[in-house]
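A.B. asks: If you want the building blocks of each chain, they are given just below.
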Amino acid sequence: MRRVSDVFFIRPESTIVVVCVALIAYFSWRNSAFYSYTNIITMAQYTAPIAVIGAGEVLLLDLAEIDLSAGQVYLTAPWIVVLLGQHGVALGWGIALALLISSLIGAFSGSIVVWLKVPSFVATLGVNYVLAGYVLVVSSDITTDMRGTTGEFGAVMGISNWAEGLWGLGIVLVIWALLKGTVFGLHTTATGGNELGAAEAGVRTRQVKIWCFIIIAFISALIGIVDSIRIGSLDPAAPGLNEMLAGVTAAVIGGTALTGGKATVVGTLIGAVVLGVLEDGFNLIGISANWFILVEGAVILLAMAVNVQLGRVTAKTMRR
Amino acid sequence: MDEMNETQLVDTSGPGDRLERDVPRRGEDAEVGDHQRAIESQDIILRTEGITKSFGALIVLRGIDIYLKRGEVLGLVGDNGSGKSTFVKILCGFHRQDEGRIFVEGQEVAFHSVKDARRHGIETVYQDLALVPALTVYQNLFLNREITRFGHLRWLSNKKMRQMARKYLDDINVQVSSVDALIESMSGGQRQAVALARATHQESKILLLDEPLAAMGAKESALVIDLVKDLSHNRGVSMLIIDHNYQHLFELCDRLNVLQEGHITLDLRVEDTTMEDVTALMVAEYRRRITLGEEELRV
Numbered sequence: 001m002r003r004v005s006d007v008f009f010i011r012p013e014s015t016i017v018v019v020c021v022a023l024i025a026y027f028s029w030r031n032s033a034f035y036s037y038t039n040i041i042t043m044a045q046y047t048a049p050i051a052v053i054g055a056g057e058v059l060l061l062d063l064a065e066i067d068l069s070a071g072q073v074y075l076t077a078p079w080i081v082v083l084l085g086q087h088g089v090a091l092g093w094g095i096a097l098a099l100l101i102s103s104l105i106g107a108f109s110g111s112i113v114v115w116l117k118v119p120s121f122v123a124t125l126g127v128n129y130v131l132a133g134y135v136l137v138v139s140s141d142i143t144t145d146m147r148g149t150t151g152e153f154g155a156v157m158g159i160s161n162w163a164e165g166l167w168g169l170g171i172v173l174v175i176w177a178l179l180k181g182t183v184f185g186l187h188t189t190a191t192g193g194n195e196l197g198a199a200e201a202g203v204r205t206r207q208v209k210i211w212c213f214i215i216i217a218f219i220s221a222l223i224g225i226v227d228s229i230r231i232g233s234l235d236p237a238a239p240g241l242n243e244m245l246a247g248v249t250a251a252v253i254g255g256t257a258l259t260g261g262k263a264t265v266v267g268t269l270i271g272a273v274v275l276g277v278l279e280d281g282f283n284l285i286g287i288s289a290n291w292f293i294l295v296e297g298a299v300i301l302l303a304m305a306v307n308v309q310l311g312r313v314t315a316k317t318m319r320r
Numbered sequence: 001m002d003e004m005n006e007t008q009l010v011d012t013s014g015p016g017d018r019l020e021r022d023v024p025r026r027g028e029d030a031e032v033g034d035h036q037r038a039i040e041s042q043d044i045i046l047r048t049e050g051i052t053k054s055f056g057a058l059i060v061l062r063g064i065d066i067y068l069k070r071g072e073v074l075g076l077v078g079d080n081g082s083g084k085s086t087f088v089k090i091l092c093g094f095h096r097q098d099e100g101r102i103f104v105e106g107q108e109v110a111f112h113s114v115k116d117a118r119r120h121g122i123e124t125v126y127q128d129l130a131l132v133p134a135l136t137v138y139q140n141l142f143l144n145r146e147i148t149r150f151g152h153l154r155w156l157s158n159k160k161m162r163q164m165a166r167k168y169l170d171d172i173n174v175q176v177s178s179v180d181a182l183i184e185s186m187s188g189g190q191r192q193a194v195a196l197a198r199a200t201h202q203e204s205k206i207l208l209l210d211e212p213l214a215a216m217g218a219k220e221s222a223l224v225i226d227l228v229k230d231l232s233h234n235r236g237v238s239m240l241i242i243d244h245n246y247q248h249l250f251e252l253c254d255r256l257n258v259l260q261e262g263h264i265t266l267d268l269r270v271e272d273t274t275m276e277d278v279t280a281l282m283v284a285e286y287r288r289r290i291t292l293g294e295e296e297l298r299v
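Sequences listed follow chains G and D, in order. Residues 1 to 320 (the numbering used here) make up the first sequence, in order. Residues 1 to 299 (the numbering used here) make up the second sequence, in order.
Hints are computed from structural coordinates only; laboratory data are not their basis. Some clues are possibly wrong.
Unchecked claim - Calculated lysine-lysine pairs in the PhoX-like style (CA-CA distance at most 20 Å, straight line):
(1) D/K69 with D/K219
(2) D/K229 with D/K205
(3) D/K229 with D/K219
(4) D/K219 with G/K180
(5) D/K115 with D/K229
(6) G/K180 with D/K159
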């Protein structure tokens with residue numbers, strides 16, 4: 001029993017695991033279609049972008065930074081693929097170039113933060129609106145079809161039912177391994193936990209920050225392209241900030257601190273699943289989508305309150 | 001210089017008055033000879049010549065000459081803002097000097113980064129400890145010198161780092177509940193001990209300590225003082241310590257240098273002086289500067 005309570009104190013993602021299991025049990029009880037094969041695929045497709053953007057935000061939050069443009073990069077990258085196609089660039093090259101351009105956008109945001117000392121909140125908000133405006137200008141605010149693709153390449157890049165879910169899971173696992181297992185991850189946590197101290201220990205904190213902005217832009221663009229290939233069309237007016245906020249919400253309710261130095265990619269993945277389960281479950285049991293936003297807010301408040309209190313208890317216990 | 005100080009310090013007049021009158025400062029003949037003899041000695045492990053540093057219009061260091069002998073503990077004292085921490089950050093490669101030279105074991109060196117200084121055996125424990133509260137003891141011990149595998153992937157070899165951290169902390173008698181304990185769960189003394197362990201576990205020859213006992217209680221200070229003594233006496237580590245607490249400095253140091261207005265103004269052997277005398281020297285120097293300032297204003 002003591003060990004179970006210790007897990008709750010020490011693992012910040014424990015709370016959200018319990019919430020997730022409870023929600024799955026509740027919606028399964030209310031509607032058996034919830035655990036049907038097709039519904040699980042739907043949830044995976046809905047959850048994947050949130051989990052990926054959330055995992056990217058975990059890197060930034062670990063640094064005590066944030067990238068408000070990640071959702072817009074996710075929406076802009078497919079537009080770049082389409083525009084390149086209009087200039088005769090093959091789909092594969094178009095995707096590669098879109099990923100490269102998105103990475104450069106990340107490097108640009110990171111450079112503004114690191115070299116011009118502009119707070120990341122402001123710098124990436126500006127980049128977000130620049131990208132959103134760019135999409136509106138080049139699309140003339142008209143919905144466009146995503147470039148069609150078939151065969152194995154198309155299946156892998158999003159047409160197959162499980163493609164997006166697997167891409168999402170794969171990217172999240174890579175970010176988890178990067179953060180937990182590598183020198184880069186350790187230096188990211190060190191930079192977020194004590195930037196001056198990490199620099200004094202010789203950690204190249206500026207490079208670490210810029211790379212994190214590049215990584216979140218790259219993975220957001222990648223999952224954005226996969227998502228748009230699955231859906232088949234692009235909406236220029238789609239609000240990127242919503243996708244970004246969903247990712248940050250997943251990270252925060254999963255146990256990542258906004259103050260830096262404490263991050264959990266696993267918690268973020270579970271947080272994204274919770275958001276997916278809530279959205280899907282409410283649809284299935286016939287509750288208005290408006291309620292979803294209300295409940296999402298309540299879940300954030302509850303999860304944060306519980307995590308903060310558990311954090312205090314943990315700190316006291318460890319000092320003893 | 002040392003003999004001269006000893007003679008002067010038994011003077012019965014008020015310490016401030018006495019020192020204003022008599023004490024030769026760095027740059028005057030008697031001390032230059034002594035300083036020159038010292039720096040020509042083979043025992044010198046670290047030496048600086050004319051280190052200057054400015055931040056914009058603010059001149060912090062105006063030509064610092066110091067030397068540190070092998071196994072010696074040198075205390076650097078001075079008022080807040082006198083440039084002590086800046087000087088330490090130059091010696092450890094965090095800042096670059098504007099002018100001046102640094103010699104390690106007689107060879108001139110140029111530090112472009114903290115890693116450069118480390119390669120020459122110089123490690124630092126900063127005022128802010130440079131520890132990351134959210135990381136564990138072993139992660140902090142190995143921060144930026146991690147043991148890795150899988151080549152360019154730079155995958156952390158946590159098991160090996162844990163083992164080495166445990167062994168080293170045992171070797172230098174630092175007690176922590178576990179090498180997996182988070183720094184944020186530890187007391188100030190334990191944190192400082194970990195910071196010292198980090199600075200010394202890679203065969204460092206010179207240790208720079210920037211206020212290692214700041215904001216610590218008596219019990220925690222004792223823990224760190226014992227550790228510093230052990231590193232100096234039993235492991236032959238040479239140290240430069242910044243501290244405002246003269247009691248600590250007299251307990252730890254062999255020699256004291258006073259840094260005022262960007263210059264080393266006094267060089268004293270601890271055995272030749274007392275805390276009261278050093279305090280008096282500092283006060284006298286400040287009085288002298290105030291007088292000089294007033295005279296300049298009159299002119």
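A.B. asks: All the hints need checking, so say for each whether the structure fits it.
C.D. replies: Consistency of the hints with the structure:
Between D/K69 and D/K219, the direct Cα distance comes to roughly 30 Å. Violation of the 20 Å bound is thereby established for this hinted pair. With a C-alpha separation of about 15 Å, the suggested pairing of D/K229 with D/K205 holds against the 20 Å cut-off. Between D/K229 and D/K219 the alpha-carbon distance is near 16 Å, which keeps this suggested pair within the 20 Å criterion. Distance check on the hinted pair: D/K219 and G/K180 sit about 36 Å apart at the alpha-carbon level, beyond 20 Å; violated.
Restraint check: the Cα-Cα separation between D/K115 and D/K229 comes to about 26 Å, which exceeds 20 Å; the hinted pair is violated. Restraint check for G/K180 and D/K159: satisfied, since their Cα atoms lie roughly 14 Å apart, inside the 20 Å limit.
The structure is inconsistent with the numbered hints 1, 4, 5, although it conforms to all the rest.
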